[in-house]
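So you can see what is in the structure, the chains are spelled out below.
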Amino acid sequence: KAGVTQTPRYLIKTRGQQVTLSCSPISGHRSVSWYQQTPGQGLQFLFEYFSETQRNKGNFPGRFSGRQFSNSRSEMNVSTLELGDSALYLCASSRDNINTGELFFGEGSRLTVL
Amino acid sequence: AQSVAQPEDQVNVAEGNPLTVKCTYSVSGNPYLFWYVQYPNRGLQFLLKYITGDNLVKGSYGFEAEFNKSQTSFHLKKPSALVSDSALYFCAVRVLSTDKLIFGTGTRLQVFP
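In order, the protein sequences belong to chains A and B.
Residue numbering for the first sequence follows my numbering, beginning at 1 and increasing consecutively.
Residue numbering for the second sequence follows my numbering, beginning at 1 and increasing consecutively.
Treat the hints with care, since some could be wrong.
Label-pair ranges, simulated between beta-carbon atoms [to be verified]: (1) S22/A / D9/B: 28 to 34 angstroms; (2) Y39/B / S86/A: 17 to 23 angstroms; (3) F60/A / G16/B: 42 to 48 angstroms; (4) R15/A / P18/B: 43 to 49 angstroms.
Derived by calculation from the structure, the hints in this document are not laboratory data.
Ideal Cβ positions, reconstructed from N, Cα and C, are used throughout, including at glycine.
Please model the complete structure; the sequences and the hints are all you need to start from.
Structure below.
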């Protein structure tokens, strides 16, 4: 069974630009959550989607947004990029509730903002 | 405040020796606790979880963790470390009130041959 797939794996943007990251969950998984990983802050929760609805969100500014499609694939978008947005963005899927079950992570999209 | 702490940024251990990676938590109610491992340039992989039941939880790759309610700890252990265990380890706890998973800052485990 294919794992969680994130694209692109690496990307470089400049300040002020926007970026869209994609995540394809494991087949049959309906929950997709996103995390930002930085050396100083560790893993920070961005948001979680379940059946196309945002079920939970973290403490990030409105520049960070996401959505989920009917096939459970998810995208996250960051607008007006700042240097501090440079990070590894991880997507995770699970069958249902993310907090009682095991999360399956993708390898991440590494964003560098110049 | 609800939180999870990994007090050690790095743990060094010789191959064949037992290892412990520490985790303490502070949440309201009964905690749901997790350990994940991250190898270089990879996503996180689930190791084990504690929801309820036996305080000693066994997981993948020979790892286990002990839930200690009185000390609010969930330390990760392995009887005999391997060089291939070298990685970044994250403890996580479910925050009941917000239904979110909070991750610790991670502990880098270095196993020397």
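Against the structure, the hints:
no. : hint                              : result
1   : S22/A / D9/B: 28 to 34 angstroms  : 33 angstroms, holds
2   : Y39/B / S86/A: 17 to 23 angstroms : 21 angstroms, holds
3   : F60/A / G16/B: 42 to 48 angstroms : 43 angstroms, holds
4   : R15/A / P18/B: 43 to 49 angstroms : 48 angstroms, holds
Comparing the model with each numbered hint stated earlier shows that all of them hold.
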